[in-house]
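Enquirer: Here is how the chains run, residue by residue.
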Amino acid sequence: MIRVALPAHLRTLARVNGEVKVHVASPATLGAVLDALEAEYPMLRGTIRDQVTGQRRPFLRFFACEQDLSHDGPDARLPAAVVTGAEPFLVVGAMAGG
Amino acid sequence: MTTVRLLVGTRKGAFVLTSDGKRERWDVSGPHFGGWEIYHLKGSPADPNRLYASQSSGWFGQVIQRSDDGGKSWESVGNKFAYDGPTGTHQWYDGTPHPWEFARVWHLEPSAKDPDTVYAGVEDAALFRTSDGGQTWQELPALRTHSSGSSWQPGAGGMCLHTILLDPAQSERIFVAISAAGAFRSEDGGKSWRPINRGLTSEGIPNPTAEVGHCVHRIAMHRSRPSVLFMQKHWDVMRSDDAGESWREVSGNLPSDFGFPIDVHAHEPETIYVVPIKSDSEHYPPDGKLRVYRSRTGGNEWEALTKGLPQRDCYVNVLRDAMAVDALDPCGVYFGTTGGQVYASANGGDSWTAAVAHLPAVVSVEAQTLP
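Chains Y and A are the protein sequences, given in the same order.
With our numbering as the guide, the letters of the first sequence map in order to residues 6 to 103.
With our numbering as the guide, the letters of the second sequence map in order to residues 547 to 917.
Bear in mind the hints are in silico, worked out from the structure with no lab data behind them.
Predicted model, so just to flag it, every value in this text is computed and none were measured.
Far from chain A by the CB rule (all over 12 angstroms, computed), these chain Y residues:
1. Met6
2. Val29
3. Thr34
4. Gly36
5. Glu45
6. Ala86
7. Thr89
8. Gly90
9. Pro93
Here are some of the chain Y residues that sit facing chain A, going by a computed Cβ distance under 7 angstroms:
10. His14
11. Gly51
12. Thr52
13. Gly98
Note that beta-carbon positions come from the ideal geometry of N, C-alpha and C, so glycine has one too.
The shape of chain Y in the complex, shown without the other chains:
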């Protein structure tokens, strides 16, 4: 079970409180986590990555275990601590107002 921490606006859109948990088959990759997240919460499709290109939206970042995973490809394996559920996978909005 992988823990995913979403930005507040996406928690509201998905109608969840706090972290969400998704099942991902081994090996757990960045792309597989996003696939599982969008399957469980279809309203999030297109809000984290473009539905046509699959590219991460430019004002979002992926962090875990104090590492920046934003530029990893979809096949990149997640850190072991994320896979075991010890650490969350963080979807973070760019720190900008508006």
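Assemble the complex: chain Y is given as a structure, and chain A must be docked to it using the hints.
Expert: Just chain A, lined up with the frame of chain Y:
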């Protein structure tokens, strides 16, 4: 009892305002989707409790929301707007080729007959349609792939398709307007399109009378006379009596003919409204006076409507989709400002009150008249 419902899109959420037929006191619900830009909300004429909303964010992209109970509850529906086929390029601001990129939905136009059918005007300019209540969206690609498409260029707000008019008399006829390409008409439900910009003159493009390239801000029609169109262009207020085949200027005595919205009285097809703005870079009313101008002659002769509107130190803007009329008699007229006011007139514009005064910047206003 008659109810008027205003659907107000703002930079930071949607608001629903309701009043009885007197239109004196307004209940405000919202913000819905707080923190998101709501470019437009609109109800289905066939089922007024079916509402659609365009919700977008620089961080999270485009979401479409649907309500089946008049805005009390909402569910997100499909938000995949994929261009149909190769996207090609349009002109960037400096004239260089730039690939078509979807940014957001500017305008939602529900079908008059089917609550599940809605047209969406998007940036970069294209027309989409859903026939399943918003679950899936398909592009009508003939517009974007028109032979002139590679020469279209964005206005300051982006290359947006912002106006969709469905002809109530001819079901296959659709009018759209794009900044800054101009107006287009389809006679076959969107399978083919023709520019309808003859008579427009625009400085700032190489050929001021070119077939395309005009920054049309808004088009309006009265449903009883769908071949008569009124246009607020970047500069100039225009009129066509032949479904856009030709246009003539009707700016007349306006203090400035720059502006964004234009609308038509519900029961008087020759009575139209605009809000003059000082200039293309000074987006506020001339002389700090917020004035709606009304023409009862279909243009050229205009009167200032000022009662109840601020007449000093007012420097707000009124955006293109932020004016609407209701269907009551006397006709209600409404507009929202970038200062967060929604002004309401229950007497055709003779006098105004602020239905609500401190919203985020208003992007769009639609009025529903409910039995």
